[in-house]
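Chains as they are written, first to last, in UniProt numbering: chain A, 1 to 1228; chain B, 1 to 194.
Errors might be hidden in some of the hints.
[Claimed, not checked] Here are the simulated lysine-lysine pairs, DSSO-like style, with alpha carbons at most 30 Å apart:
no.	chain 1	residue 1	chain 2	residue 2
1	A	K587	B	K169
2	A	K1151	A	K1205
3	A	K442	A	K466
4	B	K169	A	K512
5	A	K512	B	K133
6	A	K632	A	K681
7	A	K755	B	K169
8	A	K1020	A	K1039
9	A	K410	B	K133
10	A	K632	B	K169
11	B	K175	A	K587
For the record, the hints were derived by calculation from the structure and aren't laboratory data.
Below are the chains, spelled out letter by letter.
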Amino acid sequence: MEAYPPGSLDHNVPFLVVSGLGTNTAKPLLADPELRERGILVRSELSAVDTREAKIILRLIQEADATSLPWEPRDNPKRYKFKINTIGREFLLPPRRARLPDDLDAPSSAFVLHSPFSPLSPGSTLYPDGLIDTRLTSDPTLATLHDNELKTDIIAIKNAIGQSGYKSRLAVVILSDQSPSSVSQFQERLENIRRSTGLDPKASLFVLPTRRTEAELETAVDNVLTAIFDQAIEYYRDLGRHTRKKRARGVAPRPTIPPTSGTSHILSLQGWNVRYDFKAAVFAEFRQEFDVALRSYEQAYDTLLGTDVLETIPAWNPRFNDARLLADIIAIRALKCLLLSGQSTAAVRRWQLHNDRICDIVDRKGHGTHNYGWKAWQARWCAVMANLIEKINFPELEPSSLSLFRPPEKNLSAERLQPWELLHHSGYWYRAAARHLLDRRKLAHSIPEEDRKPPEESTQAAMSRKTYAYDTYMCPEPNEEYPLEGPGINHAQLIFDHLTLARTEFQKRRQKRASIELALDSCRELENMGKWQQILELLAPLWRDMSFRSEGWWDITEEVSWVLRNAAFEAGQKELIVAIDWELMNKVFSRRLGWHYDISKALDGINVVQPPVINLDDEHLTSFIRADFVFKHEEGKAGQTCPAQLSLISNAFPDAAPIRLKSLIVHVEGGLREIHLKHEKTRHQKQINTTLELAKVTLKEVEISGDDAISDGSESDLQPDSLIILEGTLDLTVFPGQTRVFEFNVPLRESGDAKATSVQLSLESGAFSLTYSMQPDQTVSSSQWYSNSSSRRKFIRPDPRSVRILPRPPKIEVKALRILEQYYTNEAIELGLSIMNKEDSDATAKLDITLRGGGAPSYQVQVAGGGKHSSPSGSDERSLRGIHMNTINASESGEVLITLDPIEGPTIIDLSAKVSYYLVSDPSTPIIQEALYHLNIVSPFEASYDLLPRIHSEWPSLFNTENIQNPSDGDTTITQSRGLAQRWAVVTRYASFAHEEVVISDIELEPIATQGNVTCITSKAEALPADGQILSPKMIEEKYFDLVSQKSSLDDRSPATADLAFIIKWRRISAPDTVVNITTLLLPRFYVIVSEPRVLATVSYSSSPSSSTSPTTSPSQLLFLDITIENPSSHFLTFGLTMEPSDEFAFSGAKATTVNVLPMARRSITYRLLPLVRGTWVRPTLVVRDKYFQKVLKIIPTEGMKSDKDGVLLWVPPEDEGDDGNEAVVRS
Amino acid sequence: MANTIPSIVCLGIIGRNNNPLHITIFPSYDTTTQTYAPVRTPLQFSLLLSGTLDIFEARSRHLANPGGAGGGSMLLSGDFGLLHAIDDRLAAYGFETNTGVKFVAVVDMRGRLAKNNTAAGRGGVGLRDNELKPVFRAVQTAYVRLLQNPFYEPGEPVGGKPGAGAGAKRITSRKFRDEMRRIGEAWAPGITAL
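Could you put the whole structure together from the sequences, leaning on the hints where they help?
In structure tokens, the structure reads:
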């Protein structure tokens, strides 16, 4: 847009000249000296007001200046728009009338003088048939003077302006130094001024009291400006009306002087109409009425391009180009109106229409469209649109909105639109302009040489041909466009500028790929200009991390790389050259013919003083060599080795030079050592180029000191001491397309996950040394294990590039000595552990013992040749940690004895022994061996118990004086029990649950507790053998105990119970005699004193005197059945006894009798029975009945008797046994 | 110029890692030489296709935030409509499958000489967004068919981390290529099925 004449495309807003505020004189408005010479000077004699308030007002007014604002059509909160110019006290108005040519003779008649810009004025450039001078629109139209006081002064100014003939409006603002309230005092004076000057107080005379706050001043100034703006609008409406009137006249006015020279052609009526329409449109624009303006512009445009105006002008006539220029200006102004009213799609259409129409006209009438001039115009036309879009500033096209184009207007959205008709952001337009400029250059370069000669050298014929062949509208002649000698138009710079403009727009909207494309195009232009450094600055950062590489757009990557390489070569950027050459070896790129593809020749042609060291990595660069590092096994143990393969796959061009690597370094993470492979030339002549070459490499550990191991100091700081690496040597030449596989065994050192983090290859040529480090190939989803056979093994492991190193397997063994099959409760358990060192070297060990399980006992640990350790008490889990053991020499063993205290109840205990040890040879690697033992503790015995009543020999007598308790000395004699006593027999049957024979050394029955003031005395019925009794597994033994219980006092007749414990003292049969394990079994609670009356039957056998003498005689053995009735109650009880006769025996005694039992007494009735049968049980049918309660009492059998539900049974011994019968009865 | 109609000049399939999978270039009519020739070089088409990725990204980002009005339907159907017009001739239309594979059709608004019998309007005959739908539908069908081939290896590494596109392979199926060519040549404005 800058190419168009200044002012022709200005945004038209009313022009406000501010005078009298401040003394700064603006630059003269009229640049044209001729115009200035005859300008009309308006001058005020008063000095300028220069107070603080005046400055504020001036600033406020200047802030309202709309000149530099974007052309915002909408949403402007202020109603007015001015172009504001501040001047001192004088102002020069341009001349109103054109000057007559000086050489004209004396005026024959009164000339009608016209505006200097009119085609009618002889001095105008338009004379006699031009249409419109571009200077027209810049004329000052409204002068508003702020003045102070004196009416004479105002009148003088007014007169001056009036005389000038301009219908400029004058507005006077009187600044008063009073507050608004006191203005009324001056009312009279103001009235005077107003009257004498004839100024309208509403429109042109303002009083502005200044003693106010700034905000108030602002609103006041705002009001004044609004009022003036209304005046201005009115002024332009007048002018517009005037123009319409002129147009309506329908005649072409006569020029001041009829043209005398050249053609006699004067401006036609149609031409005048264009002029009037244009003027009307401009005036409408001044009024901000864009619809009206647009209509007028369209009218002017149609007329201009219609048959009567442009079509009539021949192409050789300079007026043709003037008409084109005018058409452009009208079109631009129309576009502006469209854009300002928000009709973006219509604007693009308008743009396209103008393009097409001009194309059509130029094709038909002009010099054709196949020359640089047309392309130059097209480029300009695109750039104009871009400029317009930037000026209008659509919110939809803001970079923050991220939308690239503006949606169409509502009324057009249903139509089939061209995609281009959606208004895109200006970057697109600049790019289009750049494309046209490219075409322009192409066409310019096709200009034949003779046309490019300077005009003075070329022939007349060539000159005339040139005029017809080239469109020079707004662009230079062919000899200047592309001169044969010397610089012409710098096309590259032009294109570059447009591309840069476009690129900034694209970048703002985060179209990064598109901006790279533009950058690439820009760089081609920079290449043309030879600005290599600029290319590097522009392209190198993009090249480094452009997305095309990571996304596989190889053709683009290649293009960028080549452009950059060229620049780098010219600029001598060695690193960049090597990096690009390295990347371009990849055969995914297209082959450039004649290129060497040898990385060692990368710096050929560059002066290398000091060979640079170049470090590259795969983060910013792809490579033709891919590396992978896989482990054969998923896991391995520390101290062992794991086979691993390092593969290098070359994707270079088949005819590229082989790469001779200097070394290969595999960086590792975890418990591995770095692997270095060094080149060693082995293959001299035979250049075998197999696609797959598998080499087995032996690695040996090499210790390198920190200084020379790492060239960069960072790592050596971390590890100041020496570093151990694995090193191998072999030939490291990689041919194009070859896969080199290096297989080696990697020693695994420490447990944990380990993997190869990067593979770094380095090579060295004479000119540089290069290292390239890359991640093991992540892009390939499955790695493979190469082998010499054709079968390839693919890994299905998730990550074959890492190996899990398990801890080194311990070679110390923990063995339990003498562990028994079964452990029992109540015995002390001894466990012997033997710790056997099967490592190759001596070991320093520590032992942790942990017991787990319910009721885990405390224990002691005795280390052979060491101290004794006791377990902590209290906690459930008892562990002893860090028991220090002596150094165990290789293939020797250390012993530990663990003694567990006797355990109360059956349980399961886990005993774990953990040996953590270090080898003396490798004190940094802890090794752990663990042994776990389950100890199942069972109870060796179980027992069942019975309590049988017996007749106690004693029964306390109420009348015994010994029983009388003396309360006075009761304290001391309380020990003697004198209450009721009862005797019982406790039968215990106990079985051994042990797996082996045990020796019972003793058994006891002990009362543990009694309830109800009773004392119990127990005694063994029979003693055990002195050396104990051997109890076999699963055997049941029965033992009798006597239990006599006695109440402490006779008065206490309540029942009493006792808790008894059965104690077995035993040992294993294998154990020595000294060991006594005591197992205590608790009996259920028994009643040992009953308070109810009871009937006890006892039997005794008379020893027959005749048994030995005559066995044949009648049975002479008698049974004595004693019925003892105990009455421990305090009641007098009467019992009836009836004895039925029986077939089995004869008896003597009362058949029916009544027994009275006193309280606290007992009585016995004896029956003598003569059994009639032998060797059997007889049943005496005896009933004891409580007379009072009519209740039959149960007869309780005692020793030698038994009972069933019908009553007691007596044993009649067989005939021949005699005395033994007693024994047998007892046993049953 | 007056009797040209829009035609497809380039069909691009772009993988979900923004890697090019397939590019077919069609010649378009040159009014001055009256021949059919591609309007741009393959490199320029590559740049042009990759340039649309910016718009795909921007639009997806725009749709991802909930404020985007009317974005839901576009996200569901995958049809991005007009991505941008490159200049007054070329315009790029886009479609994204739910697996992130993008189809781009570059249309030359003056790409083909209109036959007399077809309803060739004036040069400014436009194009609606949905007129490209049959193209994308046909491309998607072809792509799905390609994927259904058990011997076809998509060649896209799992993981989808940046940089994964570099290792991806292009589509080499001849059948797919022929199908792309057929679609591109058969399409014209107003055609509803391909």
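So, going through the hints one by one against the coordinates:
Our distance criterion of 30 Å between C-alpha atoms is met by A/K587 and B/K169, whose separation comes to about 14 Å. For the hint linking A/K1151 to A/K1205, the alpha-carbon distance of about 22 Å falls within 30 Å, and the restraint holds. Under the criterion of a C-alpha separation no larger than 30 Å, the hint pairing A/K442 with A/K466 is consistent with the structure, at around 18 Å. Straight-line distance between C-alpha atoms of B/K169 and A/K512 comes to about 24 Å, which keeps the hinted pair within the 30 Å bound.
Between A/K512 and B/K133 the alpha-carbon distance is near 27 Å, which keeps this suggested pair within the 30 Å criterion. Among the hinted pairs, A/K632 with A/K681 is consistent with the structure: their alpha-carbon atoms are about 28 Å apart, no more than 30 Å. A C-alpha spacing of about 28 Å is found between A/K755 and B/K169, which places the hinted pair at or below 30 Å, so the restraint holds. With a CA separation close to 8 Å, the supplied pair A/K1020 and A/K1039 stays within the 30 Å bound.
As the CA atoms of A/K410 and B/K133 are separated by approximately 23 Å, the hinted pair is consistent with the 30 Å bound. Of the supplied pair hints, the one linking A/K632 and B/K169 holds, its CA atoms being roughly 28 Å apart against a limit of 30 Å. Under the criterion of a C-alpha separation no larger than 30 Å, the hint pairing B/K175 with A/K587 is consistent with the structure, at around 26 Å.
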